[in-house]
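**Student:** Residue strings, one per chain:
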Amino acid sequence: MNIFKTQEIGSLKKPTWLLEFLRSNHSEDEKKAALDDASFVNLKMLEYIGLDFVYDGEARRVEMYELPVKYIHGFEFVGRVRSWDNKYYKKARVVDKISYVKNYHFEEFVFVKEHASKTPKIPVTGAYTLMDWSYDEYYNSREELAMDLAKNVINRILKELEGVGMQVVQIDEPAATTHPSEMDMFVEIFNEQVKGINAKVNTHICYSGDEYASLMPVIPDLKATHFALEFANRDSTNLGIDDDSRPGYKALKAFKEYAGDKEIGVGVLDVHSDYIEPPELIRDRILYAVKILGDPSKVYVNPDCGLRTRRRDIAFAKLKNMIKGVKLAEEALR
Amino acid sequence: MLLKSIEAYFFGIFPRSEKLIDITRTKQNYYEDLLMESIKIVEYQKSRGLKIISDPQITWEDTFRPLALSADGISVNGLNRYFETNTFYKVPVISSKPIIKEGSLKKYLTRGSSLISFPDPFTFSCLSKDKFYGDKKALIRGIGELLASFASEVNKEGYKYLILKAPSYGNCEFKGYEESIKDALSMIKSSFKGEVIAHVYFYKNMESLNFLASSAIDVIGVDMYSFQIDEVKKMDNKGKGLALGVINGLNTKMEKKKTIIDMIEKINLNVNKLYVSNNVDFEFLPQKFALKKVDLLSEISGDIL
Numbered sequence: 043m044n045i046f047k048t049q050e051i052g053s054l055k056k057p058t059w060l061l062e063f064l065r066s067n068h069s070e071d072e073k074k075a076a077l078d079d080a081s082f083v084n085l086k087m088l089e090y091i092g093l094d095f096v097y098d099g100e101a102r103r104v105e106m107y108e109l110p111v112k113y114i115h116g117f118e119f120v121g122r123v124r125s126w127d128n129k130y131y132k133k134a135r136v137v138d139k140i141s142y143v144k145n146y147h148f149e150e151f152v153f154v155k156e157h158a159s160k161t162p163k164i165p166v167t168g169a170y171t172l173m174d175w176s177y178d179e180y181y182n183s184r185e186e187l188a189m190d191l192a193k194n195v196i197n198r199i200l201k202e203l204e205g206v207g208m209q210v211v212q213i214d215e216p217a218a219t220t221h222p223s224e225m226d227m228f229v230e231i232f233n234e235q236v237k238g239i240n241a242k243v244n245t246h247i248c249y250s251g252d253e254y255a256s257l258m259p260v261i262p263d264l265k266a267t268h269f270a271l272e273f274a275n276r277d278s279t280n281l282g283i284d285d286d287s288r289p290g291y292k293a294l295k296a297f298k299e300y301a302g303d304k305e306i307g308v309g310v311l312d313v314h315s316d317y318i319e320p321p322e323l324i325r326d327r328i329l330y331a332v333k334i335l336g337d338p339s340k341v342y343v344n345p346d347c348g349l350r351t352r353r354r355d356i357a358f359a360k361l362k363n364m365i366k367g368v369k370l371a372e373e374a375l376r
Numbered sequence: 447m448l449l450k451s452i453e454a455y456f457f458g459i460f461p462r463s464e465k466l467i468d469i470t471r472t473k474q475n476y477y478e479d480l481l482m483e484s485i486k487i488v489e490y491q492k493s494r495g496l497k498i499i500s501d502p503q504i505t506w507e508d509t510f511r512p513l514a515l516s517a518d519g520i521s522v523n524g525l526n527r528y529f530e531t532n533t534f535y536k537v538p539v540i541s542s543k544p545i546i547k548e549g550s551l552k553k554y555l556t557r558g559s560s561l562i563s564f565p566d567p568f569t570f571s572c573l574s575k576d577k578f579y580g581d582k583k584a585l586i587r588g589i590g591e592l593l594a595s596f597a598s599e600v601n602k603e604g605y606k607y608l609i610l611k612a613p614s615y616g617n618c619e620f621k622g623y624e625e626s627i628k629d630a631l632s633m634i635k636s637s638f639k640g641e642v643i644a645h646v647y648f649y650k651n652m653e654s655l656n657f658l659a660s661s662a663i664d665v666i667g668v669d670m671y672s673f674q675i676d677e678v679k680k681m682d683n684k685g686k687g688l689a690l691g692v693i694n695g696l697n698t699k700m701e702k703k704k705t706i707i708d709m710i711e712k713i714n715l716n717v718n719k720l721y722v723s724n725n726v727d728f729e730f731l732p733q734k735f736a737l738k739k740v741d742l743l744s745e746i747s748g749d750i751l
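Protein chains in written order, with this note's numbering: chain Y, 43 to 376; chain U, 447 to 751.
Quick caveat, the hints were computed from the structure, so don't treat them as lab data.
Idealized CB from N, CA, C, for every residue including glycine.
Misleading hints may appear alongside valid ones.
Said to hold, decoys possible - Covered stretches of chain Y, as calculated for chain U (at least 3 residues, CB under 8 Å):
id, segment
1, 112-123
2, 130-141
3, 177-185
As the list claims (entries may be wrong) - With a straight-line Cα cutoff of 30 Å, these simulated DSS-like cross-link-like pairs (lysine-lysine) come out:
id, chain 1, residue 1, chain 2, residue 2
4, Y, 139, U, 704
5, Y, 129, U, 704
6, Y, 139, U, 473
7, Y, 132, U, 699
8, U, 465, Y, 132
9, U, 703, Y, 129
10, Y, 298, U, 575
11, Y, 112, Y, 86
12, Y, 160, Y, 237
13, U, 734, Y, 129
14, U, 734, Y, 112
15, Y, 295, U, 582
16, U, 699, Y, 139
17, U, 547, Y, 129
18, U, 473, Y, 55
19, Y, 193, U, 699
20, U, 486, Y, 295
21, U, 739, Y, 129
22, Y, 129, U, 465
23, U, 703, Y, 132
24, Y, 132, U, 486
25, U, 699, Y, 129
26, U, 543, Y, 132
27, U, 473, Y, 129
28, Y, 132, U, 536
29, Y, 132, U, 739
30, Y, 144, U, 704
31, U, 703, Y, 139
32, Y, 295, U, 552
33, U, 543, U, 582
34, U, 621, Y, 292
35, Y, 112, U, 465
36, U, 465, Y, 55
37, U, 465, Y, 73
38, U, 473, Y, 132
39, U, 575, Y, 292
Please put together the full structure from these sequences, using the hints given.
**Tutor:** Okay, here's the thing in structure tokens:
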């Protein structure tokens with residue numbers, strides 16, 4: 043029996059053939075078949091690598107913000123805004139009361155569930171992040187907007203997915219700690235969107251800017267049992283399980299203090315670098331986490347974030363090494 | 447009431463057009479395209495009757511990059527979130543005394559502009575990684591000296607207004623560093639024959655406004671979406687001019703001209719120099735909205751009081 047469970051965080055880079063196919067003059071049925079193919083290939087690749095929780099690399103999704111906003115009434119796209127350098131994202135404004143239009147994950151999830159041999163874990167962008175990444179020209183407060191998104195849209199989507207067999211959901215909330223003064227609001231919104239959900243609720247929060255200092259104290263209040271977090275991008279590449287060798291994992295001590303029996307998904311791969319982390323480095327990052335947290339059964343292993351930022355061959359090599367690193371860590375503990 | 451007129455400008459990085467964004471994603475060498483769009487934005491301001499012409503800094507990847515790349519002793523490494531926005535910058539890493547590479551900044555400047563924005567020395571120091579000084583006071587002075595060299599260089603290129611973007615006073619403790627910040631600001635002011643304006647935004651910190659009023663800068667810029675009108679009225683500006691950040695660079699919603707004018711009149715400060723501006727860089731908006739907000743700025747300027 044494995045000690046550590048492994049998972050991807052969500053996105054993989056889309057295959058070039060898929061992008062070309064989608065841009066060309068094919069029928070909608072042909073495009074759907076191509077998306078099915080890509081979804082299937084990603085799913086089987088992640089299973090082949092050996093991950094315990096899998097999805098389809100978000101093959102059908104344009105992007106984690108753009109897809110939901112396209113299918114929620116009340117939003118209107120206004121143009122692109124810089125993320126960094128020459129990287130831009132499409133941003134929308136809210137011009138009307140938010141309401142549900144369709145379940146934009148339904149078809150995708152049903153397909154994955156039908157073809158997965160491992161447990162599917164579906165990533166869903168959370169209400170707080172959708173609110174924070176949009177301009178608001180309609181509501182009187184950020185909270186009011188986020189609450190409508192949580193109640194009227196995300197909660198309904200999750201309930202429908204649960205109705206067709208969703209066992210694990212990962213609520214993606216990268217904006218969660220962007221505004222440390224709003225953490226109470228974030229908790230309220232987060233809990234509202236998962237109200238009545240019996241599936242296991244994971245959350246993924248990344249690039250917080252404060253190394254999770256504002257997140258940790260509210261972890262007990264959040265109705266999530268699993269926190270997939272990023273660490274590797276701040277870490278050194280030195281081997282070792284002492285504090286000096288693992289500067290990127292400082293926040294684990296606070297997690298130990300606040301999280302009780304909640305699980306952590308420890309990010310061991312930097313998704314913004316082509317550096318292929320060697321299995322020994324991954325092993326030491328996992329062992330350090332166990333050293334700090336104590337109970338290895340609460341430690342899951344994953345990349346820092348979605349690997350769509352990397353070429354597919356690089357993502358593959360990183361994930362393969364992640365599995366090797368997990369095995370080394372397990373050997374060291376036995 | 448001493449006021450006779452009000453002037454308007456925008457500061458900071460201006461957003462790129464959708465067309466230019468596409469170019470930067472498909473073309474290998476797009477420097478000329480960046481320059482052409484910069485000139486267009488300069489011409490746009492002139493066509494709207496603005497007297498202070500802001501360099502749109504279209505070529506600037508972030509607030510720090512051109513300065514870091516135009517100096518010895520600084521490199522950039524790692525992405526960091528720019529305050530509470532969803533925009534990231536590469537962190538300046540200071541590994542030896544930063545010294546200007548003379549002439550290097552020129553390629554980031556736009557001909558015909560009279561105003562340019564730099565980070566203020568305190569903000570620069572808070573958002574950098576220091577591997578050389580080991581002492582924040584020395585770091586602030588070192589950065590002040592570097593910025594003074596850049597200020598002198600842009601002054602020679604014809605710039606008359608220097609904006610110092612100063613959000614860090616609101617979220618980074620500046621107590622204990624007052625003297626070194628004042629020294630840094632004095633160095634910058636004495637290197638620049640023109641107006642030096644420090645804009646405080648994103649966070650509210652009254653002490654920072656009062657502190658800046660006692661420094662060498664000429665004008666204090668206030669984010670009117672972070673500070674309340676009554677708070678600004680209570681500020682002891684010590685005879686400094688005031689720049690009111692009344693146009694919101696964080697929301698597409700258009701401000702109403704009358705609301706803005708009412709706000710300015712309510713403040714009714716006894717200042718001899720009053721400007722209106724955006725509250726934060728316009729780069730957090732798509733360009734078409736930023737242009738509309740520039741139009742509004744030009745409508746507000748003039749003899750309104």
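**Student:** All hints are to be evaluated individually against the structure, with a verdict given for each.
**Tutor:** Hints, verified against the model:
1. 112-123: holds (count 4)
2. 130-141: holds (count 4)
3. 177-185: holds (count 3)
4. Y:139 / U:704: holds, 27 Å
5. Y:129 / U:704: violated, 37 Å
6. Y:139 / U:473: violated, 40 Å
7. Y:132 / U:699: holds, 17 Å
8. U:465 / Y:132: Answer holds: residue 465 of chain U to residue 132 of chain Y is near 14 Å, not above 30 Å.
9. U:703 / Y:129: Violated, because 34 Å separates the two Cα atoms, which is more than 30 Å.
10. Y:298 / U:575: holds, 28 Å
11. Y:112 / Y:86: holds, 28 Å
12. Y:160 / Y:237: holds, 26 Å
13. U:734 / Y:129: Given that 30 Å is the threshold and the Cα spacing comes to 18 Å, the pair holds.
14. U:734 / Y:112: holds, 21 Å
15. Y:295 / U:582: holds, 28 Å
16. U:699 / Y:139: holds, 16 Å
17. U:547 / Y:129: holds, 28 Å
18. U:473 / Y:55: holds, 21 Å
19. Y:193 / U:699: holds, 25 Å
20. U:486 / Y:295: Not OK: residue 486 of chain U and residue 295 of chain Y at ~52 Å, beyond 30 Å, violated.
21. U:739 / Y:129: Status holds; Cα separation ~24 Å.
22. Y:129 / U:465: The hint holds at about 14 Å.
23. U:703 / Y:132: holds, 28 Å
24. Y:132 / U:486: holds, 23 Å
25. U:699 / Y:129: holds, 24 Å
26. U:543 / Y:132: violated, 40 Å
27. U:473 / Y:129: With Cα atoms ~14 Å apart, residue 473 of chain U and residue 129 of chain Y stay inside 30 Å; holds.
28. Y:132 / U:536: holds, 21 Å
29. Y:132 / U:739: holds, 20 Å
30. Y:144 / U:704: violated, 41 Å
31. U:703 / Y:139: holds, 26 Å
32. Y:295 / U:552: Distance of about 47 Å is beyond 30 Å: violated.
33. U:543 / U:582: Roughly 13 Å between the alpha carbons, so the hint for residue 543 of chain U and residue 582 of chain U holds.
34. U:621 / Y:292: This hinted pair holds, its Cα atoms lying about 27 Å apart.
35. Y:112 / U:465: Distance ~22 Å between residue 112 of chain Y and residue 465 of chain U Cα, so the pair holds.
36. U:465 / Y:55: The hint holds at about 24 Å.
37. U:465 / Y:73: holds, 27 Å
38. U:473 / Y:132: Since the Cα atoms of residue 473 of chain U and residue 132 of chain Y sit roughly 20 Å apart, the hinted pair holds (cutoff 30 Å).
39. U:575 / Y:292: The hint holds at about 18 Å.
Hints 5, 6, 9, 20, 26, 30, 32 from the list above are not met by this structure, while the remaining hints are.
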